[in-house]
Amino acid sequence: MCVMEKKMSAWFEKLYETFIATGYWKMLPDGLLNTVIITVGALLMGVMIGTVVAVIKYFGETSSAMKPLKAVCDVYVTVIRGVPVVVQLLIFYFVIFASSDNGVMVATITFGINSGAYMAELIRSGINAVDAGQMEAGMSLGMSRLQTMKKIILPQAVRYILPAIGNEFIALLKETSVAGYVAVMDLTRAGNLVRNNTFDAVNPLLAVALTYLAIVVLLTRLLKMLERRLAKSDKR
Amino acid sequence: MKKIISIILILTMLAATLVLASCGKQGTTLDDVKKKGEIVIATAPDFPPFEDLSNEDGNVDGVVGIDIDIFKAIADKLGVKLVVKSMLFDSVLAGVTAGKYDIGASGISIKPDRQKNMLFTDPYCTASQVIVVKEGSTIASKADLTGKKVSVQTGTTGESVCNELGYNVNSYASNSDAEAALVAGKVDAWVIDDLTAGEMVAIYNAENTEKLVILKESVSSDEYYAFVASFGSESLVEEINKILAGLIADGTIEQIFAKYDAPYFAPEK
Chain U
1 MCVMEKKMSA WFEKLYETFI ATGYWKMLPD GLLNTVIITV GALLMGVMIG
51 TVVAVIKYFG ETSSAMKPLK AVCDVYVTVI RGVPVVVQLL IFYFVIFASS
101 DNGVMVATIT FGINSGAYMA ELIRSGINAV DAGQMEAGMS LGMSRLQTMK
151 KIILPQAVRY ILPAIGNEFI ALLKETSVAG YVAVMDLTRA GNLVRNNTFD
201 AVNPLLAVAL TYLAIVVLLT RLLKMLERRL AKSDKR
Chain V
1 MKKIISIILI LTMLAATLVL ASCGKQGTTL DDVKKKGEIV IATAPDFPPF
51 EDLSNEDGNV DGVVGIDIDI FKAIADKLGV KLVVKSMLFD SVLAGVTAGK
101 YDIGASGISI KPDRQKNMLF TDPYCTASQV IVVKEGSTIA SKADLTGKKV
151 SVQTGTTGES VCNELGYNVN SYASNSDAEA ALVAGKVDAW VIDDLTAGEM
201 VAIYNAENTE KLVILKESVS SDEYYAFVAS FGSESLVEEI NKILAGLIAD
251 GTIEQIFAKY DAPYFAPEK
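Residue numbers (this note's numbering), protein chains in the order written: chain U, 1 to 236; chain V, 1 to 269.
Please keep in mind that the hints were generated in silico from the structure rather than gathered at the bench.
Keep in mind the model is a prediction, meaning the values are calculated, not measured.
Since no wrong hints were added, every one of them can be taken at face value.
On the chain V side, residues computed to face chain U include the following (Cβ under 10 angstroms):
id, residue
1, 113
2, 114
3, 116
4, 117
5, 149
6, 155
7, 160
8, 172
9, 173
10, 177
11, 183
12, 184
13, 186
Don't be surprised by glycine CBs; every beta carbon is placed ideally from N, CA and C.
Just chain U, with the same shape it has in the complex (with noise of 0.2 angstroms):
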């Protein structure tokens, strides 16, 4: 026992020598913000993108004047699907938006770009869950294909989106960690940093892991109870 209590005071000291001692510890919630706001911008951006590339696929389907439309939209989800996130936040910051310093900014586009082909499948999918009769009533009373899909179907869709989209965050913000090779401080690059300047692997990995952890725990949780309340319309 005495073994393990010198093992654990030796820890807290390390813990306190480097996270406090030196002011490390406020580089971690710094780097949070960061994390946060290129999650939750390439959030809002990837289901703008998401949901205007699936209505395309949608109509593309049927009418042909959206065909090539279609096409455009096929192969913007294949190549971004095809390409490692990292590879792509690398030709974003190094080669497309070369001469811009904002490197928050072009982590949330890339991320954007990057989720909102994922998303455009998963609200695809969605839009088809819809029953077929809904289009059908829609046309009847005499609105247009894009009326009903704005007004009828998408609102719909969402009850099949929404869970999706949950997951779809918690796996952005996850993603978000590799924004570190493009020198944008997020929680992960403040991690490394206070590990480089203090030589201390195991402190600031562990805090990092931990509060990743903690934030997609409580995401889960609101998913969750977000599901329940959707589902409530199922059980009439």
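Mind docking chain V on chain U? Use the hints.
Below, chain V alone, put in the same frame as chain U:
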């Protein structure tokens, strides 16, 4: 309730395992190296003339440079084979302190907070941190850097010096990325060691019309390069120091620097 308890239990076990695992065997003794018949050095080959990726003659595991040549001589004197592992610079220091590699040889400067966590051999060279800007930049001296954006490599003395001086710092894991950031205009200046600045700027200027310029005033000086090892490797470090002193005395080190057209600044004892 049960779920929360089980989650807390798992987390505590995880934390405990990590804490206990961090106290592993560290340090390579001279006998370990002789028994293995090889000495493993960690290096970040984005730092010419000290280490660079190349497949030309004289390369060890795809790396050439001053550090490699010095260590080839040391390995010969020890009678063992030299093995070179390449990685990013911050992984070199982290790996050596964790005891994964016998020696770190990567243009590493002696610094007090590094000395607290690893062993340094005697120094073999002096260095300073210089400023590189694009031709025509308004920055002409160290004072002009305040409030400007600067790119550095993660884990280097350049990074800590710039952070201490309060500049707006962008850290990149590799030196070439830090140079690319300057070229692309993402930062106003790039801070890096003097000999490497000389090499990399010369290579860049030879292939591009827009030139890079190294300012005369340095950000900091009085740095000494040495090799590093983890605690517990005292016997190995002692032997390396003896061999190093011999190589300095008989002019081998000067010859190695001359081979790479690099000025040799001997560390005054």
